[in-house]
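Start from the sequences, fold in the hints, and give me the full structure.
Read top to bottom, the protein sequences are chains P and G.
Numbered by the working numbering, the letters in the first sequence go through residues 812 to 1187 in order.
Numbered by the working numbering, the letters in the second sequence go through residues 812 to 1187 in order.
There could be a bad hint or two in this list.
Since copy identity is lost for identical chains, a pair holds within one copy or between any two.
Below, simulated DSBU-like cross-link-like pairs (lysine-lysine); rule was C-alpha separation at most 35 Å, straight line [to be verified]:
| id | residue 1 | residue 2 |
| --- | --- | --- |
| 1 | K838 | K1100 |
| 2 | K916 | K939 |
| 3 | K813 | K1169 |
| 4 | K984 | K1109 |
| 5 | K939 | K838 |
| 6 | K852 | K896 |
| 7 | K1113 | K984 |
| 8 | K813 | K877 |
| 9 | K877 | K1186 |
| 10 | K885 | K915 |
| 11 | K939 | K1186 |
| 12 | K1169 | K939 |
| 13 | K1109 | K877 |
| 14 | K984 | K1175 |
| 15 | K885 | K852 |
| 16 | K1100 | K885 |
| 17 | K984 | K877 |
| 18 | K1169 | K984 |
| 19 | K1175 | K916 |
| 20 | K984 | K916 |
| 21 | K1100 | K852 |
| 22 | K1109 | K939 |
| 23 | K1157 | K877 |
| 24 | K877 | K1175 |
| 25 | K916 | K1109 |
| 26 | K877 | K1100 |
| 27 | K1157 | K1100 |
Because the hints were derived from the structure by calculation, they are not lab data.
2 protein chains.
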Amino acid sequence: MKFTVDAQDAHCSARATTFITDHGTVKTPVFMPVGTIGTVKTVGPDDLLSVGVQIILGNTYHLYLKPGLEILQKAAGLHSFAGWKGPILTDSGGFQIYSLDDLKKISEDGVEFRSHWDGSSHFFTPEKVVDIQRVMGSDIMMVLDQCIPNPSDLDTARHAHLLTVRWAERSRKHFMQTQNAYGFSQYQFGIIQGGIYQALRRESLSALMDIDFDGYAIGGLAVGESTEIKNAMTEFCTGIMPEDRPRYLMGVGTPLDILDAIQRGADMFDCVIPTRNARNGTVFTGNGKLVIRNALYKDDFKPLEEGCGCYACRNFSRAYLRHQFNVNEILGLRLATLHNLYFYMKLVNDARQAVMGKSFLAFKEDFSEHYRSGKV
Amino acid sequence: MKFTVDAQDAHCSARATTFITDHGTVKTPVFMPVGTIGTVKTVGPDDLLSVGVQIILGNTYHLYLKPGLEILQKAAGLHSFAGWKGPILTDSGGFQIYSLDDLKKISEDGVEFRSHWDGSSHFFTPEKVVDIQRVMGSDIMMVLDQCIPNPSDLDTARHAHLLTVRWAERSRKHFMQTQNAYGFSQYQFGIIQGGIYQALRRESLSALMDIDFDGYAIGGLAVGESTEIKNAMTEFCTGIMPEDRPRYLMGVGTPLDILDAIQRGADMFDCVIPTRNARNGTVFTGNGKLVIRNALYKDDFKPLEEGCGCYACRNFSRAYLRHQFNVNEILGLRLATLHNLYFYMKLVNDARQAVMGKSFLAFKEDFSEHYRSGKV
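Dropping the structure here:
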């Protein structure tokens, strides 16, 4: 994958990079909205473009179950099926399966799990997950990994990390032996595991670099550990990750989490927070979060955020948004989602501009101060 | 209200007209999507413009209850509140109250009803309904009327028609004694009642014309009678309605119902059918209706309708729409709504073009033959 470092901040590890896929160029830091099951919930591809989304994430677990591979194959992949012409990254399903609690069984060969739709039994191997992502036709595919909660004891973390590395070897081998299905390039990222243990993280990354992936992700964070530990582990990992490949911190996070991670050298992020919060009526502003259902907003005719350029803020008031949620009109879910995605896109774009100007820490400090003020 | 007849078909009563409001010009025949409670369900104002909507309808009953008059007044009316800059017609609440079954009590003075939200008691008089619509700031307001089901006996129909006329007198008087609230013109339409009885319909219209409204609506149809009776009553009414005012057939209808009514000289229509059907997964095509949840469409990669210019058809397949409904993604509701509204807008626009070309009956015959074919 063509990858360049465009700028490196002078006072921290923050960086601005660019990578190129056959579906478009991505400038980092980048946030990838989660398009769970073929849709970034409540919004269409036109909406995503309107708020500046560069790349979306699709969930292999969900898409494998519905609509299923037969339909995705007949559709010539997820881009065509979902009407999204930009880049797509697909996860491996590992995290969703990890979240299924009692519905999974992990062995050396792979992971058996039951569908949350109908209880039907399925088996994912590292190779099968590559095959599925070949059918989905994602631009970037993630390897199957074993996720564990934090904190886990050293033995558990070592076992999961070693299994993840063995699966990564099988994944890469199968990737190299197979072809893309629709004539455009696909890339594959490895996932660093090792829980909260630096030695394991180092071992994990070292093994993955020997395998040689197109990019590397930090997995197994944002799963129960404190912010301090998350930041420390991110910093440790980015400190030893190769400079010439994208660095993807999986499942992060809040606006402040993302800035913490950018400061420490991470390039790519995904999280359900902006979209899920929107559907719960929580919207982000530069001065903190705003819970739109509050009676406080019933006659507040300001936009969600003054000066915001999103469709919701240009056309509607807090009072109207509150009314929408109050009477269960689903337009409100879309408007709040548009706003939150716009906010996240602006956040990472502003971060990029700050890095280009070698002033990321000042930007972060300023943003954080306003964001923590709560003066919405 | 400035009103012109642009064309009169040579072989039937169909006509093309134009009326002008301070929020824009409306060319008829026109279909008004129902924006129940400040939103045409699932879509935004940009969506409405994208499918060619000229004017929307708001429900006084719903808007009076939520968000309520205090908020609508502070918002400077419904246009500003809902972000819709085009014309708005508001009904009187009469039909919603009629639909409440046990929750209403009608007297000479007005109608008492209970809110479907919280059971709270409210009282609408003809004058109060004018006041409410002054606060909402609709371009066209309807008078409070008494709706009855069809068939009703002659005495019931006469009683309701006479009460409606007395209320119409009070409504017009109050309208003339009050002012618009936001500096733009408002107009008021009377509603013809009289059930399925020609003599009553004639009496009703004659009384309303003595009062002198800006336009006249045919109420009390599409409430249980056969298509034959609906067509006969429509034809009778339009035959005696003034030529120099808009003719609004309330609550109609299916695509074929609308063409039947256009043929008989009606200009304006509203109905929840295109939007409600969309949310149930039923979409309209020139070859009939299509139930998108059907397994038949799981790998049908054609658009909902070949050649349709709507956003849904330009970007997505039946298979994707079916998937959306299948996994309960609300984007599917919006896409189906956009398609159905586009279909209805095209229907009435095509009808207008046919009238302009003095060929409405040929257009209607051709449309009906394809629509009834069911070859979706």
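Non-conforming hints, listed in increasing numerical order: When the structure is compared with the hints, numbers 7, 11, 12, 14, 18, 19 and 24 turn out to be violated.
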